[in-house]
Every structure is written in C-alpha cells, then in structure tokens.
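A.B. asks: Sequence:
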Amino acid sequence: MNLQLAHYSNPIEGSIQITGSKSESNRLLILQQFFKNLKIENLGNSDDAQYMQKALASEVEVVDISHAGTAMRFLTSYFAVFEGRETILTGSKRMKERPIKILVEALQSLGADISYIENEGYPPIKIRGKKLSKSKVFINGGVSSQYISSLLLIAPSLENGLELEFEGKVTSVPYIKMTLGLLSELGIDNSWEGNTVKVVATKAIKDTTAVVESDWSSASYYFSLVALSEGATITLKSYKENSLQGDSSLIGFYRELGVSTSFDSHVITLKKDVACKSHVEFDLANAPDIAQTIAVTCFGLGVSCVLTGLHTLKIKETDRLEALKSELTKLGADIEVTDKTLHLKPATKINKEVLIKTFDDHRMAMAFAPLLLKTTIEIEDANVVSKSYPDFWTDIASITS
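Residue 7 is where the sequence shown starts when you use my numbering, and the numbers rise one by one after that.
Check the hints yourself; a few may be wrong.
What the hints assert, rightly or not - Simulated crosslink set (PhoX-like; lysine-lysine; CA at most 25 Å straight-line): (1) 183 <-> 209; (2) 204 <-> 42; (3) 363 <-> 331; (4) 45 <-> 209.
These aren't lab readings, by the way, just hints derived from the structure by calculation.
Make the full structure from the sequences, and use the hints.
C.D. replies: Structure representation (structure tokens):
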C-alpha cells in the first residue's frame with residue numbers, strides 16, 4: 007500500500023503514547039525463557055517482538071522470522087542452548103543476505119552445534135541445541151551489538167557463566183550496556199572492565215516485573231516533526247530520564263536542530279524553541295538507528311551535515327546509506343555517502359510529489375514522513391512500519407490532520 011502525505015502547514019500540538027522498545031522487549035522475551043517468574047509490562051507490539059514471541063512458543067523444526075534481524079541473532083544463541091531441540095532458523099530473502107558468521111563462530115567456540123544450509127556465513131542455519139560447558143569467548147568489538155547481546159542473554163543459563171573478551175575497539179556501546187543493565191535489574195551479576203565482560207551463572211531470580219520503556223528510536227520521528235515545524239509542542243509517553251536506550255542521545259542531537267526536551271515524570275515535552283545551527287557534525291556510532299531521521303531532518307531544514315559512525319547501516323534491512331542517497335537525491339539533495347559516512351550540503355529546494363521507495367525498511371518510511379511539513383510526498387509500501395511501530399501512521403495523523 008502506497009500512502010500519499012499531503013503538505014501540512016498548520017500548527018502541531020498533541021500527545022502520543024509510543025509502544026514499548028523493540029530492543030528491550032526482545033531482550034526480556036529471551037530472558038523470560040530462562041526465568042519463568044519474570045513478568046513483562048508495556049511489551050512492544052512491533053512485528054519483530056511478535057515474531058520473537060511466536061518463535062519462542064513454537065515447537066516446529068523450521069522457524070521463519072521473516073525480516074526480524076534482532077530475532078535472528080538472539081534466537082541463534084537461544085536455540086543453541088536449548089538441549090535436545092533441533093531447529094532450522096530461516097527468514098526472508100533479505101535476511102538470507104545478512105551475515106551471521108561471526109555469531110555462529112563465537113557460539114561454536116563455546117561448543118555449539120550449528121551448520122549452514124545454503125550459503126556459508128548466512129541464514130538459514132541448522133541448530134542442534136546442547137549444553138554448553140565452555141565459558142570463554144572472543145569477539146571483534148566492532149561487530150553488530152546484536153551478536154554480542156545475543157551471547158550475553160544466554161550467559162546466565164550457562165553452567166559456568168560467560169567471560170566475553172573484545173578484540174579491538176567496541177562500537178554500539180549503549181546497546182551492550184542496555185543488555186547488561188537489564189541483567190542487573192533482574193539481579194544477575196555482571197561486570198565490564200577493560201575489554202572483558204563477565205556474566206555470572208544464575209539459576210533463579212526473585213519474582214520480577216519489568217516495565218519496558220517506550221522506544222526512543224520511534225520518538226525520533228516526532229523530534230524531526232518538531233524540528234521541521236514553524237512551531238510545535240508534542241508530548242510523548244512513557245520515557246525514563248536515565249534511559250538504557252542509546253537512541254535517547256537524540257535529545258542532544260536535536261537540540262542543535264532547534265528542539266528542546268523537558269521531562270516530567272515519564273512524559274517528555276518537545277518544543278521548537280531553540281536556535282537551529284546551519285551545519286552539524288554527529289558521530290552516530292552509538293545510535294545508528296536514528297541516522298536516517300537526522301539526515302532527512304537536516305535536508306528539510308536546509309542544514310548541511312556530516313554523519314559518521316554509520317558502518318553498520320549497510321547490513322540492516324537494506325543498505326541504508328545507499329537508500330538515503332537515492333531517495334534524498336530524488337527530493338533535490340546534494341548528498342554523498344561512503345561505507346560509513348554521510349555528507350549533505352544545504353538544500354536549496356525540495357521537490358514535490360516524490361515517491362519515496364522504502365526498500366522493505368521500516369525506518370525509511372518513518373524517517374521521510376516528517377517532510378509532509380515541507381512538501382507533498384508519497385510513501386511506497388507504507389505498511390512496512392509494522393516491523394517496529396505498527397501505530398505510526400495513526401499517531402502521525404492524530405497530530406497532522
């Protein structure tokens with residue numbers, strides 16, 4: 007379904023309740039399998055979380071997680087320690103193009119029985135669950151944090167816990183800290199000193215109810231709306247001032263793009279009431295999921311930008327850097343990308359009635375939506391937003407119509 011977004015120029019004011027964080031939800035769903043007395047509130051309603059729940063409840067041999075990359079990474083480790091179960095883990099055509107070799111090799115070094123069915127290093131994979139007695143693993147610190155979190159989530163279930171040693175510089179630090187933070191909240195001892203993370207074997211936890219914080223990357227689209235408005239006030243629920251989510255750093259980035267943020271309990275208020283810079287340079291290594299939103303915001307504002315730390319974007323739902331270049335260029339942008347950076351010159355015009363191709367990527371659809379404040383655009387395959395934020399179009403319509 008394509009969706010036409012008419013140019014909207016009236017003042018924006020409203021309140022939005024955003025679904026629970028996809029990242030926190032998926033981590034807690036895995037941990038709940040090991041600790042049945044863990045209850046989860048405000049669980050995200052994203053496709054990814056639903057695929058995760060379906061896979062965890064499934065008893066069939068072939069588990070298809072479609073586009074759900076987080077589920078693929080987390081379930082690889084989970085099924086590896088599921089003693090006596092044989093699982094074939096597969097997904098969409100794009101999922102079969104997304105590498106899994108680094109995680110598989112790390113698990114194999116711990117004793118896991120995993121083999122490739124089609125192409126070496128890529129899903130689908132066959133996993134024969136077994137008890138893993140080894141407790142030391144080495145992994146490149148520059149890889150996707152989902153590989154690392156996948157290992158840390160099964161660590162409490164290993165009989166000797168886990169000692170994970172990073173080789174090289176660690177990137178995506180906030181996502182690793184999120185995983186360790188959730189372990190700590192459940193009373194599972196862990197530490198991170200130098201290049202070594204340790205998680206203690208844990209057989210049981212106290213009865214615990216974990217409340218999932220709303221998703222910060224989903225909040226980014228409202229920061230973008232406020233930045234692109236002539237004047238707007240939007241409140242978002244339910245957020246923590248000391249968030250475990252790395253994308254909460256968008257508060258600082260968007261301050262430079264004209265948006266102020268204030269907290270009142272678990273509600274944040276966004277206002278267009280600070281000066282916007284004419285050029286910004288952001289290192290997004292710790293928050294790559296908001297790169298598309300920031301790039302589109304800068305284009306809409308006529309702000310030049312240099313975005314770095316984007317090396318993981320090429321292996322997401324699509325090659326996000328090339329996708330951004332393609333669609334922003336259609337709109338009139340002067341943009342260049344490398345394999346890990348984006349350079350955007352100040353826009354002098356914004357083309358009208360452009361069809362934005364989403365490349366099966368939820369974040370492409372949502373990142374471009376705020377441009378309705380500047381022009382009329384059409385979003386291809388608008389339903390792709392269900393991957394992380396099924397209510398997105400309803401929520402956007404509630405404040406722009």
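A.B. asks: Looking back at the numbered hints, which does the structure fail to meet, lowest number first?
C.D. replies: Of the numbered hints given earlier, the structure breaks none, since each of them holds.
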